[in-house]
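Given the sequences, and given the hints that come with them, work out the whole structure.
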Amino acid sequence: MSILPPDMDESAFAAFLNDLRGAVGEDWVWSSDTDMFPYRDAFSPVWNTPEEIQASSAVAPADVAQVQEVVRIAKRHRVPLHPISTGKNFGYGGASPNVQGSAVLDLKRMDRVIEVNEERNYCLVEPGVSYFDLYRHIQERGLKVMIDCPDPGWGSPVGNALDRGVGYTMPQFRDHFGAHCGMEVVLPDGELMRTGMGAMPGADSWQEYPYGFGPDPSGLFAQGNFGVVTKMGFRLMPQPEYYRTGLVRVPRRRDLIKLVHHVNYLSDSGMVSEVRFASPLSALLGDPDFAALATKLGGPSDAEMDAAASAAGLHSWAIDLQFLGPEAATAAQWEYARDRILSDIPGAEALDGDHFALPATEAQLENDTQPYPTAIRRKGALGIPSLGIWEIVRDDGHVGFFPVLPRDGEAVFEMQRVLGDASREYPLPPYFSAVTAPLFWHSNTFQMVFAPSIRRDDPEHNAMVHRAMKHMVAVAAEHGWGDYRAAPIYQDDVAATYSFNGGALRKFLEAMKDAVDPDGIIAPGRGGVWPARFRP
Amino acid sequence: MISRRDFVKWGAVVPALGTGWHGAFAAAPQGLDAMLVDTRFPGALDVADAPVPVLRFAGDVTNVWYDRLDARWRRPGFVLGGITGSDALFVLETLATHQGRRVVSRMALDLPRVNDVQAMRWIIAPHHKSVTA
Amino acid sequence: MKVLFASVLLGAALSLSVAAQSEDPQVAHGRQVFERQCAPCHGRGPGDDRSPMLPGTAALAEKYDGARPAALEDRSDLSAPVITLFVRRGSGAMPFFRASELSDADIAAIAAYLQTSSAD
Chain A
1 MSILPPDMDE
11 SAFAAFLNDL
21 RGAVGEDWVW
31 SSDTDMFPYR
41 DAFSPVWNTP
51 EEIQASSAVA
61 PADVAQVQEV
71 VRIAKRHRVP
81 LHPISTGKNF
91 GYGGASPNVQ
101 GSAVLDLKRM
111 DRVIEVNEER
121 NYCLVEPGVS
131 YFDLYRHIQE
141 RGLKVMIDCP
151 DPGWGSPVGN
161 ALDRGVGYTM
171 PQFRDHFGAH
181 CGMEVVLPDG
191 ELMRTGMGAM
201 PGADSWQEYP
211 YGFGPDPSGL
221 FAQGNFGVVT
231 KMGFRLMPQP
241 EYYRTGLVRV
251 PRRRDLIKLV
261 HHVNYLSDSG
271 MVSEVRFASP
281 LSALLGDPDF
291 AALATKLGGP
301 SDAEMDAAAS
311 AAGLHSWAID
321 LQFLGPEAAT
331 AAQWEYARDR
341 ILSDIPGAEA
351 LDGDHFALPA
361 TEAQLENDTQ
371 PYPTAIRRKG
381 ALGIPSLGIW
391 EIVRDDGHVG
401 FFPVLPRDGE
411 AVFEMQRVLG
421 DASREYPLPP
431 YFSAVTAPLF
441 WHSNTFQMVF
451 APSIRRDDPE
461 HNAMVHRAMK
471 HMVAVAAEHG
481 WGDYRAAPIY
491 QDDVAATYSF
501 NGGALRKFLE
511 AMKDAVDPDG
521 IIAPGRGGVW
531 PARFRP
Chain B
1 MISRRDFVKW
11 GAVVPALGTG
21 WHGAFAAAPQ
31 GLDAMLVDTR
41 FPGALDVADA
51 PVPVLRFAGD
61 VTNVWYDRLD
71 ARWRRPGFVL
81 GGITGSDALF
91 VLETLATHQG
101 RRVVSRMALD
111 LPRVNDVQAM
121 RWIIAPHHKS
131 VTA
Chain C
1 MKVLFASVLL
11 GAALSLSVAA
21 QSEDPQVAHG
31 RQVFERQCAP
41 CHGRGPGDDR
51 SPMLPGTAAL
61 AEKYDGARPA
71 ALEDRSDLSA
81 PVITLFVRRG
91 SGAMPFFRAS
101 ELSDADIAAI
111 AAYLQTSSAD
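Residue numbers (this note's numbering), protein chains in the order written: chain A, 1 to 536; chain B, 1 to 133; chain C, 1 to 120.
Hints listed in this document are in silico derivations from the structure and should not be mistaken for laboratory results. Just to be clear, a hint being listed does not mean it is correct.
Stated by the list, open to error - Derived CB-CB ranges, DEER-like:
1) A:457 - C:118: 29 to 39 Å
2) B:72 - A:303: 44 to 54 Å
3) A:514 - B:118: 53 to 63 Å
4) C:68 - A:343: 56 to 66 Å
To be verified - With the Cβ distance kept under 8 Å, some of the chain A side facing chain C (calculated, not the full set):
5) 30
6) 35
7) 86
8) 87
9) 108
10) 112
11) 153
12) 242
13) 268
14) 363
15) 367
16) 378
17) 390
18) 391
As the list claims (entries may be wrong) - Which chain A residues face chain C? A few, computed with CB under 7 Å, are given here:
19) 106
20) 368
21) 371
22) 373
23) 377
24) 379
25) 386
26) 387
27) 393
28) 396
We treat Cβ as the ideally placed atom computed from N, Cα and C, and that holds for glycine.
What follows is the structure, given as structure tokens:
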């Protein structure tokens, strides 16, 4: 059973495909069930249900001119295009569109690393370039720059940044959209635009000054639907000389508040790379009595948690610190961080971790000599793409809800309690408990993780997960905690929580959408932004 | 808006300030709440016995504004006289405008220029009704 | 730019030369595609951070429990149609791969490469 684009019959669809073949060649247009299967969301909780949104076709242009031609064809036929870069984005919808029958605009063939500059520390890449590709390009040339990778390295720097993905190195690089500098975009009418200094003919500073002059529209293309990004620049960290790690543990539950303040200071001062909060008490979750305490309705008291920690001889919280830079600087920064925290929190203790000159050896990358348990993945910490993380994928994948919360210990306790209580009714592992630590992925905020697995052959389980996702988004929003990124099937739910002043933000975005994309052909619904044609 | 009473008060002050240091201070500027003196200009240190509080600075007026004038200018009243470089007066006039005040008198002084900056004497007084006494 | 381009070609040629002398072009292509597209998950090496195996290899080790080799490069029973099925349809946690990223010719080349790698 073939899927058709909206408001289109078989013969009109055939004419559309025919035009696409004329633009990109016979071999790069697909519409059969077999060919379209891999464009489905492999991690979909609504797999094989009426809620699953599937594309009708896919087209893979080879270059910018072909992208422009595909956009013009889609406009002429009024077929929604769903652009993907490498189309991974697992847990956030994969390659699946927001509108049934959309044509996927697959940019995987555009895989040129256009430039890596090791003197001025930037790169310019096409959407089909993966983190592996960019890393290989840098390694093969011996260039002295480091990239910042998200978890699996097969994704695209362009695609990941445009979905506001995150990585694991210094704050100014691990917010991938924040680290971008300069874009080239095919607009909904097929015109080609460059942002920032790229708008000035002859400028050689496209990847150095993102703004150029006047309003900077680059934010519209992240989680947005105002155009198709065909080139994107990124700032890169110069290859650091040295890597150093250290761990600080604090005894009491409420020590987290001071610990967070210190870590905020260290991070915002540029002294530490990504840090990893953890609770050593997580080791006790296998004990039913402790698990019951940590997930108690309304949350346990501080005294109860401190008593449990004391009885087990464990600290309540730990922070893994990482330092990148010259050897002496990393030593001084670690010494400063340790003294700062230990002098303020009674009973805190510090442990020296691995440290070595970069680039790391294979043995150092194995990360088997760290003298304490650590959740830090060594390759990610050093900007080396990997698929090793795939070991955490359970069942047939998972969906993710990552609410943003203030970088504050009290807020951590409140989210543990509120979302812990809200998720109790679902038969899932306890994503929120009194030992859940915040993630410090984005440069300036915390997040927590709710990522239940899905099972393609268990619709009942998936339906429960689907209900839980929507419920958690709604409960979190009641407390001012919003998701940072969502699969198309959740984008309307999430966008609706950003509702200040009667949804003024969405109204503004939709007014712009109607102006620049009157036929609503570029990813209608992405980011919760619907063109007039598809608005109810 | 300057009230008639204020205008009379400042009108009495303006002529009392001569075109040099000693003329300015010898005349005991009635009606001023403070004087601001730019020590870049020779003779500025001589005005030890001024009849009103004297605030001193040397070219960069930032600190005296940040530490003293900003807080005082948030309350009604306060007529400030000054003998400063024209550059400092430009900055003060801009800051004063944001706080409902205006330069109601200004005159170039017969003092040697310092780093090509002209010495000025001036009075900044409340203007907007939110700060007129 | 020309110099850079030439050095890239030279580097690529050098890295392939050892294997390429006796390897047919399809096998050489399959080796390269396997290294880039499959080995990050299905390679023979260890996984990240003390994991004994890469995730794909670990999953197959668990699935076959010794009945078949866990590393794909040790398998001689993987024909192009079988690989196509797994690549295009996925399996468990393994997602699908599209023709835009792994063509039918690439898959045939992977099959050819696995025949030689398993014989090593």
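Results of checking the hints against the structure:
In this structure the supplied range 29 to 39 Å holds for residue 457 of chain A paired with residue 118 of chain C, their Cβ-Cβ distance being about 31 Å. Between residue 72 of chain B and residue 303 of chain A, the C-beta spacing of about 52 Å keeps the proposed range 44 to 54 Å intact. For the pair residue 514 of chain A and residue 118 of chain B, the beta carbons lie near 58 Å from each other, so the given range of 53 to 63 Å is met. The hinted window of 56 to 66 Å between residue 68 of chain C and residue 343 of chain A holds, with their beta carbons roughly 58 Å apart.
Annotation: residue 30 of chain A was flagged as interfacial toward chain C, and the flag holds, the nearest CB pair being 7 Å apart, inside 8 Å. A distance limit of 8 Å between C-beta atoms decides the matter here; for residue 35 of chain A the minimum to chain C is near 6 Å, and the interface restraint holds. Taken as an interface hint, residue 86 of chain A checks out: its beta carbon lies about 7 Å from the nearest beta carbon of chain C, inside 8 Å. With 8 Å as the threshold, the beta carbon of residue 87 of chain A comes within range of chain C, its nearest partner Cβ sitting at about 7 Å, so the hint holds.
A hinted interface residue such as residue 108 of chain A counts as satisfied when its beta carbon comes closer than 8 Å to some beta carbon of chain C; here the least separation is about 4 Å, so the hint holds. For residue 112 of chain A, the shortest C-beta to C-beta distance to chain C is roughly 12 Å, which exceeds 8 Å, and the interface hint is violated. Residue-level restraint check for residue 153 of chain A holds (minimum Cβ-Cβ distance to chain C is 7 Å; threshold 8 Å). Interface restraint check: residue 242 of chain A against chain C, minimum CB-CB distance 20 Å, threshold 8 Å, status violated.
Restraint check, residue 268 of chain A versus chain C: the minimum CB separation of about 28 Å is more than 8 Å; hint violated. Checking residue 363 of chain A against chain C by beta carbon gives a least distance of about 11 Å; that is not within 8 Å, so the hint is violated. The beta carbon of residue 367 of chain A comes within 4 Å of a beta carbon in chain C, closer than 8 Å, and the hint placing it at the interface holds. This hint holds: residue 378 of chain A has a C-beta 6 Å from the nearest C-beta of chain C, less than the 8 Å allowed.
The beta carbon of residue 390 of chain A is positioned within 8 Å of a beta carbon in chain C (closest approach about 4 Å), and the interface hint is therefore held. Hint on residue 391 of chain A holds. Least Cβ distance to chain C is approximately 4 Å, under the 8 Å limit. Annotation: interface hint on residue 106 of chain A holds; nearest CB of chain C at approximately 5 Å, less than 7 Å. Taking 7 Å as the C-beta cut-off, the interface hint given for residue 368 of chain A holds, the closest approach to chain C being about 5 Å.
Interface hint status for residue 371 of chain A: violated, as the beta-carbon distance to the closest one in chain C is roughly 14 Å, over 7 Å. The beta carbon of residue 373 of chain A is not positioned within 7 Å of any beta carbon in chain C (closest approach about 11 Å), and the interface hint is therefore violated. Against a cut-off of 7 Å between C-beta atoms, the interface hint on residue 377 of chain A holds, since the closest Cβ of chain C lies about 5 Å away. Interface hint at residue 379 of chain A: satisfied, since its Cβ lies 6 Å from the closest Cβ of chain C, which is below the 7 Å cut-off.
Against a cut-off of 7 Å between C-beta atoms, the interface hint on residue 386 of chain A holds, since the closest Cβ of chain C lies about 5 Å away. With its C-beta approaching chain C no nearer than about 4 Å, residue 387 of chain A sits inside the 7 Å limit, and its interface hint holds. Of the supplied interface hints, the one on residue 393 of chain A holds, with its beta-carbon coming within about 4 Å of a beta-carbon of chain C, less than 7 Å. Given hint, residue 396 of chain A at the interface with chain C, holds; its Cβ is 6 Å from that chain's nearest Cβ, closer than 7 Å.
Of the numbered hints listed earlier, those contradicted by the structure are 10, 12, 13, 14, 21 and 22.
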